[in-house]
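Mapping of the sequence shown onto the working numbering: residues 1 to 568, in sequence order.
Heads up, a few of these hints could be off.
Only pairs whose alpha carbons sit at most 35 angstroms apart, straight line, appear in this in silico DSBU-like list of lysine-lysine [claimed, not checked]:
id, residue 1, residue 2
1, Lys299, Lys269
2, Lys269, Lys359
3, Lys392, Lys536
4, Lys526, Lys392
5, Lys272, Lys536
6, Lys434, Lys458
Keep in mind the hints are simulated off the structure, nothing from the lab.
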Amino acid sequence: MMRKGLLLGAALAGALSIAACGNKNTADNNAPLAFVPEDTPYVFANVEPYPESSVQRWREQMQQVWPLLNELFADSAGKLEADAPQLSRLFKAVLAEVHDRTTEAQWREIGIKTNARGALYGVGALPVLRLELSDGEAFKAAFERVEKAAGVTIGTTQLSQQQVRTIELGEDAIVLIAIVQQQLVVAVVPGDANDLVKHLVLGLDRPTRSLADAGALESFNKARGYLPYGSGWLDTRRLLALIDMPKGGATVSPEDAQCNAEREAIAAKLPKFTMGYTRLDDNHMATHARIELAPALAKALVELGATIPGSANPDALVDFGFAIPVLKARDFLATQVDAVAKAPFKCEDLHELNTAFTKLKGSLTGTLPPPLADLTGVRLVLNQLTVPAELKAQLPSDFSGSLLVGSNNPAFLVGLAQMSAPPLQSLRINPDGKPVALPAEMLGAAGAGLDAQVAMGKHALGVAVGKDATAGLSAAVLQAPAQAGTVVEMNASGRLYSLMGDLFGSPAMMALLPAEEQATLQTQRKLYALYAQWFKRIHMHITFVPEGIDISQDVELGPRTGTASIAP
Numbered sequence: 001m002m003r004k005g006l007l008l009g010a011a012l013a014g015a016l017s018i019a020a021c022g023n024k025n026t027a028d029n030n031a032p033l034a035f036v037p038e039d040t041p042y043v044f045a046n047v048e049p050y051p052e053s054s055v056q057r058w059r060e061q062m063q064q065v066w067p068l069l070n071e072l073f074a075d076s077a078g079k080l081e082a083d084a085p086q087l088s089r090l091f092k093a094v095l096a097e098v099h100d101r102t103t104e105a106q107w108r109e110i111g112i113k114t115n116a117r118g119a120l121y122g123v124g125a126l127p128v129l130r131l132e133l134s135d136g137e138a139f140k141a142a143f144e145r146v147e148k149a150a151g152v153t154i155g156t157t158q159l160s161q162q163q164v165r166t167i168e169l170g171e172d173a174i175v176l177i178a179i180v181q182q183q184l185v186v187a188v189v190p191g192d193a194n195d196l197v198k199h200l201v202l203g204l205d206r207p208t209r210s211l212a213d214a215g216a217l218e219s220f221n222k223a224r225g226y227l228p229y230g231s232g233w234l235d236t237r238r239l240l241a242l243i244d245m246p247k248g249g250a251t252v253s254p255e256d257a258q259c260n261a262e263r264e265a266i267a268a269k270l271p272k273f274t275m276g277y278t279r280l281d282d283n284h285m286a287t288h289a290r291i292e293l294a295p296a297l298a299k300a301l302v303e304l305g306a307t308i309p310g311s312a313n314p315d316a317l318v319d320f321g322f323a324i325p326v327l328k329a330r331d332f333l334a335t336q337v338d339a340v341a342k343a344p345f346k347c348e349d350l351h352e353l354n355t356a357f358t359k360l361k362g363s364l365t366g367t368l369p370p371p372l373a374d375l376t377g378v379r380l381v382l383n384q385l386t387v388p389a390e391l392k393a394q395l396p397s398d399f400s401g402s403l404l405v406g407s408n409n410p411a412f413l414v415g416l417a418q419m420s421a422p423p424l425q426s427l428r429i430n431p432d433g434k435p436v437a438l439p440a441e442m443l444g445a446a447g448a449g450l451d452a453q454v455a456m457g458k459h460a461l462g463v464a465v466g467k468d469a470t471a472g473l474s475a476a477v478l479q480a481p482a483q484a485g486t487v488v489e490m491n492a493s494g495r496l497y498s499l500m501g502d503l504f505g506s507p508a509m510m511a512l513l514p515a516e517e518q519a520t521l522q523t524q525r526k527l528y529a530l531y532a533q534w535f536k537r538i539h540m541h542i543t544f545v546p547e548g549i550d551i552s553q554d555v556e557l558g559p560r561t562g563t564a565s566i567a568p
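Working from the sequences, and respecting the hints, build out all of it.
Here it is, written out as structure tokens:
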């Protein structure tokens with residue numbers, strides 16, 4: 001059972017482990033990481049300021065996008081007026097304070113440092129955000145102007161000599177806001193937290209040993225190949241141990257001990273989440289994240305041998321593929337279900353998991369029909385699409401796209417399709433990759449005038465519509481599958497945003513909305529036009545690896561323009 005005062009107990013545990021040892025005066029010890037306990041259960045921080053070229057790009061983008069965001073924010077504030085008038089006034093006051101600020105100098109006028117170091121971390125289980133300011137007094141003055149303009153008064157208290165603003169979140173939690181040594185600190189503590197806990201989360205008392213002292217984040221970055229511009233981890237076992245720790249040395253009941261043990265066993269299967277930048281320059285912004293898994297679980301996922309048919313098309317408007325190793329995935333799930341059936345959770349809070357696994361077991365029984373059992377993956381590619389001035393129930397003449405279905409028995413898929421669709425029965429489709437034209441009636445009026453072909457390889461069946469797609473169909477079905485272990489693969493052109501903008505701006509789409517929402521849609525269309533200029537191509541992969549699940553993303557950036565043109 002969850003105990004009252006859970007977070008406070010976790011915070012006190014953190015207090016014991018990072019007993020205060022007074023302020024340290026060296027200049028290097030004022031970095032945000034100097035306030036992060038070495039044994040924090042979670043942290044995400046930048047060891048160094050972001051590269052100047054990246055910061056300059058973001059400043060330029062802010063100049064371009066801020067007027068549009070102001071339009072959206074103003075609309076949102078207006079909608080809040082009826083339901084939450086105080087929140088609406090606060091929202092409007094914040095907008096009034098920042099809406100004309102686009103340059104670094106203008107942000108510094110209110111204390112904001114555009115190239116700041118910051119950290120989000122836990123003191124015990126309690127969340128803390130710490131961010132460098134350019135001028136604490138200027139930020140404080142801006143904060144007070146917002147209060148006055150909104151007609152609200154945020155609570156104020158003193159901790160030693162430190163002024164702290166407070167916002168109550170009901171009876172259970174309080175948000176603390178303070179400016180400590182030219183840093184903005186925002187923390188959440190239990191409603192009954194004592195001053196010791198508040199001193200610790202605000203950094204008024206320092207940890208005995210911090211991440212900065214240990215160089216832990218730098219070592220982590222080096223081991224993972226991460227850059228110092230933003231990285232971190234979440235240790236699920238450490239966090240859970242803090243949450244489950246009884247308050248004030250209270251005795252743990254047998255029921256709570258059982259629940260703690262079972263929750264910790266679950267956490268041990270997913271012990272850590274990590275992420276960080278792997279590239280950040282004027283041309284690319286790449287990140288990597290890993291969901292670490294218990295070795296046996298990770299090994300089982302790797303052994304699924306997941307493959308996506310074909311390979312990525314680097315010039316496509318959008319290319320999306322995913323693996324579906326149906327039979328092996330069913331066996332994997334059956335193993336997990338059997339494990340729970342043999343040793344069901346005894347903790348009352350986890351009984352719903354027992355029920356869920358029991359239902360899953362029922363869905364896994366029986367024999368899968370051949371088309372489904374033979375599936376290995378799907379790839380959908382859209383090469384070209386133009387939104388016409390007038391939307392019709394017909395594909396544009398320049399449409400080009402393809403569907404690739406991976407299968408251990410693609411001939412069975414062909415036979416099934418021919419049984420279901422009489423126009424296909426006369427076709428002779430062999431597993432040699434040679435394209436065969438589809439009858440025009442298969443596309444109907446929607447595909448009138450478009451070329452359409454089907455082709456089959458030993459492990460894939462493909463259908464292509466449009467000249468650009470049919471030209472590469474044979475190679476696609478004969479090509480070896482993508483790298484084993486990759487379960488999701490996506491790459492998209494920035495042109496996709498232009499397409500979405502054209503769709504939103506079409507008369508047919510506008511006609512579907514009431515007049516008061518059409519202006520918001522037009523603003524959204526302008527935002528998409530900016531995104532199309534900012535992002536040249538976006539790549540994403542999810543892969544099973546021996547350590548767990550890797551999630552990689554690489555954003556290829558468009559040329560810097562200083563300012564961007566936005567269609568009226």
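Status of each hint after checking the structure:
A C-alpha spacing of about 12 angstroms is found between Lys299 and Lys269, which places the hinted pair at or below 35 angstroms, so the restraint holds. Pair hint Lys269 plus Lys359 holds up; C-alpha atoms about 22 angstroms apart against a cutoff of 35 angstroms. For the hint pairing Lys392 with Lys536, the CA-to-CA distance comes to about 29 angstroms; that is within 35 angstroms, so the pair holds. Pair hint Lys526 plus Lys392 holds up; C-alpha atoms about 24 angstroms apart against a cutoff of 35 angstroms.
At roughly 33 angstroms between alpha-carbon atoms, Lys272 and Lys536 fall within 35 angstroms of each other, so this suggested pair holds. Restraint check for Lys434 and Lys458: satisfied, since their Cα atoms lie roughly 12 angstroms apart, inside the 35 angstroms limit.
In this structure, none of the earlier numbered hints is contradicted; all agree with it.
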